[in-house]
Amino acid sequence: MSKFKKKKKGQPAISTASLPDIVFMLLFFFMVTTTMRETDLVIKKPVLPTASEVKKLEHKSLVSTIYIGKSRDARISGDKIQVNDKIIDVKDIPNFIFAERALRKEEEVKYMTTSIKADKEASVGTILDIKEQLRDINALKISFSTTRGSDLTSNY
Amino acid sequence: MARRENSEINAGSMADIAFLLLIFFLVTTTMDVDSGIARKLPEKSDQPVEDVIVKEKNVLDITVNRKNQLLVENEFVQVTDIKRLAMEFIDNGGGISAPKDGKPGEPCDYCNGEQDPLSSDHPTKAIISLQSDRGTTYGMYVSIQNEIEAAYNELRNKLALKKYQRSYKDLLSDYKDSGKESIKEKIKFLKDSYPQIISEPEPIK
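Those protein sequence lines, which keep their order, are chains L and X. Taking our numbering, the leading residue of the first sequence gets 201, the next gets one more, and so forth. Taking our numbering, the leading residue of the second sequence gets 13, the next gets one more, and so forth.
Heads up, a few of these hints could be off.
Straight line, CA to CA, 20 Å or less: simulated EDC-like cross-link-like pairs of lysine to aspartate or glutamate [claimed, not checked]:
(1) L:K244 <-> L:E300
(2) L:K256 <-> X:E55
(3) L:K244 <-> X:E55
(4) L:K255 <-> X:D46
(5) L:K260 <-> X:D46
(6) X:K52 <-> L:E258
(7) X:K52 <-> L:E253
(8) L:K341 <-> X:E55
(9) X:K200 <-> X:D145
(10) X:K181 <-> L:E253
(11) X:K52 <-> L:E308
To give an idea of the chain X side of the interface with chain L (calculated C-beta under 7 Å), a few residues [unchecked claim]:
(12) A30
(13) K52
(14) F88
(15) G106
(16) S109
(17) A110
(18) L142
(19) S144
(20) T148
(21) T149
(22) Y150
(23) M152
(24) N158
(25) N165
None of these hints come from the bench; they were simulated from the model. Where is the CB? At the ideal position from N, CA and C, for every residue including glycine.
Work out the full structure, taking the sequences as your base and the hints as a guide.
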């Protein structure tokens, strides 16, 4: 006889209709921020030294990276220099920088930075040779790539 | 003719597809920012440069050999000592600065050093010379560079706190956020007060 039956009030299900929207938003965010790894390392992955006084590299598009490390083959000794997927000689570094410059606008060239990602076991001689080559062609802005940290004892 | 109703496309699996793509981009994305010690190489000029004569007391000699052993002013030291030694050397202020724009040199009025006559005259005259060996490891080299950088940063920081009640680091980030000319002037003043003069002679073979 209960005409006014108590309506059973269950918890209404949370609407998942907006879930795709949220996911798409995240998706677009990651699509925009993602940078596909352009270079595959042919040399052994360099273990970067640690430093505390680091500066972030601005303008990622204006950075050309030089990798220095040991060869994957343990029998080959000495430091190997890699740019853009291939191992090169110190003398070829100017060519690499010229090629990088050709890809940029002319007014941006002076802001270009060379980032040196070298293994902490690499020898300073190689680094100084590269610096000399870069000086020759007026690529004066360089950055020694490091990981941030205050404990330097792992460096040496 | 039986006309089929245009049924709506089921959008229920849309989320799944989006998730799949999302996970793909999440995995491939690299958010790491490249950071490091920034250095500016000296320019190369065509004309042969005249040798500049610098008093020996204005040069802090740092030598590192192929066994990663360090000599500072002919004394055997550890990497961790470099910052202190460099700061003492730069901030000494024992003499007068180089004459600039026709004005005679002035004594350093912001230095807190000991004014030892045997150490550097003025921060603008103090040169740090880093002589390395070809066989030194890169890790050691970067550590030394880092310590020198740290010494300059701390000196600039001290002066910034005294003069502008703001740390050097804060000033730099302020300038980055606002780009104000007045902050740029301050940073320039600090950099001019403690200019980084690092000389790297040819490595020992």
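Status of the hints after comparison with the structure:
no., hint, verdict
1, L:K244 <-> L:E300, "violated (24 Å)"
2, L:K256 <-> X:E55, "violated (23 Å)"
3, L:K244 <-> X:E55, "violated (33 Å)"
4, L:K255 <-> X:D46, "holds (9 Å)"
5, L:K260 <-> X:D46, "holds (8 Å)"
6, X:K52 <-> L:E258, "holds (15 Å)"
7, X:K52 <-> L:E253, "holds (15 Å)"
8, L:K341 <-> X:E55, "holds (11 Å)"
9, X:K200 <-> X:D145, "violated (34 Å)"
10, X:K181 <-> L:E253, "holds (11 Å)"
11, X:K52 <-> L:E308, "holds (17 Å)"
12, A30, "holds (4 Å)"
13, K52, "holds (6 Å)"
14, F88, "violated (15 Å)"
15, G106, "violated (27 Å)"
16, S109, "violated (26 Å)"
17, A110, "violated (24 Å)"
18, L142, "violated (10 Å)"
19, S144, "holds (5 Å)"
20, T148, "holds (4 Å)"
21, T149, "holds (6 Å)"
22, Y150, "holds (4 Å)"
23, M152, "holds (4 Å)"
24, N158, "holds (4 Å)"
25, N165, "holds (6 Å)"
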